[in-house]
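Colleague: Sequence:
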Amino acid sequence: RVLVVGSNEEYGLIRPEHLPVDEETPLWPASPYGVSKVAQDLMGWQYFRSYDIPVVRVRPFNHIGPRQGDRFVAPAFARQIAEAEIGMREATLRVGNLTAVRDFTDVRDMVRAYWLTLTCGQPGEVYNIGSGQGRSIDDLLGGLLALSSVEFTIEQDPARMRPSDVPESVCDASRLRAATGWQPEISFEQSLHDILADWRERVRQPRVGWTTEE
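Here our numbering is used: position 65 in the sequence shown is 149, and no number is missing along the way.
Keep in mind that a hint or two might mislead.
[Stated by the list, open to error] Pair ranges (Cβ atoms, derived):
hint, residue 1, residue 2, range
1, 222, 100, 15 to 23 Å
2, 230, 173, 16 to 24 Å
3, 288, 133, 48 to 56 Å
4, 204, 237, 44 to 52 Å
5, 130, 243, 33 to 41 Å
Worth flagging that the hints you see were computed from the coordinates, not collected in a lab. C-beta atoms are modelled at their ideal positions from N, C-alpha and C, and glycine is treated no differently.
With these hints in hand, go ahead and build the complete structure from the sequences.
Modeller: Right under this line is the structure:
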């Protein structure tokens, strides 16, 4: 079997009436990355249809968890917090758009969903993966700040604003649950705790050749 991993960004500009997003929602990508994932999705479908290759496609929503590089929002916040806690930077958090709503799932739950979909999913089918819970970026930031004793000021950084941002993206994963029985097991709060713990360790014990783009 072949697992083709797409992205929730294939759905792009989601209308309110399409929330939560199921697999029948029109694909309207709002970024070059989203367009590339739609092309990949269609290629997977064509290989199944034309050559009978057992391709299963997934559209995961937002991953979070330890070891994620800091070009993503949760580790970007966590790194700044961890560095400020040991005096490596001032206690000012530079942020982008805090009002966007996303569906966050721990990477450990995501990987389990990938495996279950690959082994139990129907070839030719596509499955959304997500928690079904929408949380704003401000909620995520607040959850991380609650784990620190440092008082931070918040500063919006224009460089962190996306040129084409989707206001809200929340997953309907009922097709996946019906096919595999998958449910997320790691809470959002546990994910945030583990992300910050990971970055606290990283900033205290830098390794030779270490970069944030892991």
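Colleague: The structure should be examined with respect to each hint, and the outcome stated for every one.
Modeller: Hint check:
1. 222 to 100: 15 to 23 Å: For residue 100 against residue 222, whose Cβ atoms are near 20 Å apart, the range 15 to 23 Å holds.
2. 230 to 173: 16 to 24 Å: 20 Å, holds
3. 288 to 133: 48 to 56 Å: 52 Å, holds
4. 204 to 237: 44 to 52 Å: 48 Å, holds
5. 130 to 243: 33 to 41 Å: Hint holds: Cβ distance 39 Å, inside 33 to 41 Å.
Consistency note: the structure conflicts with none of the earlier hints.
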